[in-house]
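Engineer: Take a look at the letters that make up each chain.
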Amino acid sequence: MTRDQIKDVIVEIIQDIDEDADVKSISPDLPLRDQLDLDSMDFLDIVMELRKRYQLQVPEADYPELASLTSCVNYLEPRLKDV
Amino acid sequence: MIYDQVIIGGGLSGLAAGIRLARFGYKVLILEKHSIPGGLNSYYYRQGRLLETGLHAMTNFAPPSLKAAPLNRLFRQLKLSRKNFTTHQQLRSTIYFPDKLSLSFSNDLNLLFAEVDRLFPESTERFKALVEQIRNHDPFVSRPWTSAKGKLAEILVNERLMNMLLWPLMMYGNCNEHDMDFDQFVIMFQSVFLEGFFRPAGTIKDFLDMLLEHYRALGGEIRFRTPVARFETSGNTVSSVILESGEEIGAKQVISTAGYPATLKFMDQSNSNASEMDKFKGRMSFVEIINVLPVSCRQKLRCDETIIFYNLDEPFDYRRPDEAVNVNCGVICFPENFHDLPAGDEFQLRVTHPANYDLRDSFEPDEYQAQKTLWAARSAETIREIIGNYQENVLYQDVFTPITIEKFTGKAKGAIYGSPIKLRDGLTSLSNLFVAGTDQGYLGIVGAMLSGVTMVNNHIFEER
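Chains as they are written, first to last, in my numbering: chain A, 1 to 83; chain B, 1 to 464.
Misleading hints may appear alongside valid ones.
Claimed, not checked - Partial list, computed: chain B residues near chain A (C-beta under 8 Å):
| id | residue |
| --- | --- |
| 1 | K67 |
| 2 | R73 |
| 3 | F408 |
| 4 | F461 |
Calculated directly from the structure, the hints in this document are not laboratory data. Note that beta-carbon positions come from the ideal geometry of N, C-alpha and C, so glycine has one too.
This is chain A alone, in the form it adopts within the complex:
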């Protein structure tokens, strides 16, 4: 997947988690949790959705890598390159 495709996937997952999330106004470099009012339970859903869709295991130690949209893309790019 390209960086843009990965970004679209993350946005789609967030929209799926929270029907009211204002995904259009996300600033890619700011923490997602602050912008979208997500808590740790919602955050786990991003991890679970990646596991379900791509059999990708994100260990708990790597959760900080998923903090912002840009850091998500950076983290996932090598891991989803063959998808």
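For chain A, the structure is supplied; the task is to place chain B on it using the hints.
Structural biologist: Relative to chain A, chain B alone:
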């Protein structure tokens, strides 16, 4: 056939855990011993009427905009639309103590502040300080049991105010007698006073049907009339679940919502841990009297509130009564009294009193019916001084006892609030067996469901 997870119990915690697992593609099976779901919060039919068990009101009201509120977090976790879930808020409820001392509250905290100020003006500032402390207290951090009475005596000083605040919270979710764990008090205070009571549109059946349909649409399986007999273990893991029919069901992981005493029994048939098991059997159980009344008698009764939590005993004490039932205290609920509910020709009056399971257990079957009638009459005589006389207007009456509760929910000794020892982390001596539900300290429908969700998140999704 080997399932990823087998969940024992199709009550609200089991359904929530099942939905959460099915949502992420796990192969999950719920085993329910009855023919319908719901557990403690279910329903039955009598004379063409659908009657609900358990549910007076849901706690934890929050409008959809409050994203961090437990109700809205729960809906997101289960991938249910909060916007399409219609809620009806309570009208107003009252705590009623000797000398007709009445303290009212609603889902607007300002009413409670005004009422405390009216009845206990010297305690107004102390009460505000308590609310502040509760708002800033995280009750889910693991701590040793702390006396709520001790803490409240320190903060509020006034004992009557303290007891009046404790009473509804004890009646709606305290498994301990006499006192309550402070964390439990905080959980309940937030759910009842800071968030408040509501009902979903429709009945508990509609709510359960909605959950069941959602669970099945996600690929989850459920089997009714399927009681579990025991676990087959190998080493310190459950390898399969054996049904009472003898059928064996393979499971990689098991979540039991049957209560800790029943779960221990599945683990060890020899009963060698009977004394261990007794420790986990709660002593608080209740009778509930359901009365169906014609709408024409509304004008002669005090029936404009949602719930009246009354106590006429001095000194005040939350405990298992010495007699079969203590009618001097209880909860009077009018389940039709929520905003914007359609009015019918009939309305319900539900009355709950503390009861003694051990005494009920000794009744002969024929005496059991007579006792039910006797206590229902005593109940009506006692609450007559609070709401008026409704006895001659009753169209239909039914009484649940601790025995009814035990029979239909499997809760040992009918202890609806579960074990006095709470297993907050849900772990057991078997590495792939987790418990969820009442024995974890989460209360009410929202709490039970969050318990199912949390156990799945903590033990199955994030393997620690």
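Engineer: Taking the hints in turn, state whether each one holds.
Structural biologist: Against the structure, the hints come out as follows:
1. K67: This interface hint holds because 5 Å falls under the 8 Å limit.
2. R73: The hint holds - R73 (chain B) has a Cβ within 8 Å of chain A, the shortest such distance being about 6 Å.
3. F408: violated (32 Å)
4. F461: holds (6 Å)
In the structure shown, a violation is registered for the earlier hint numbered 3 alone.
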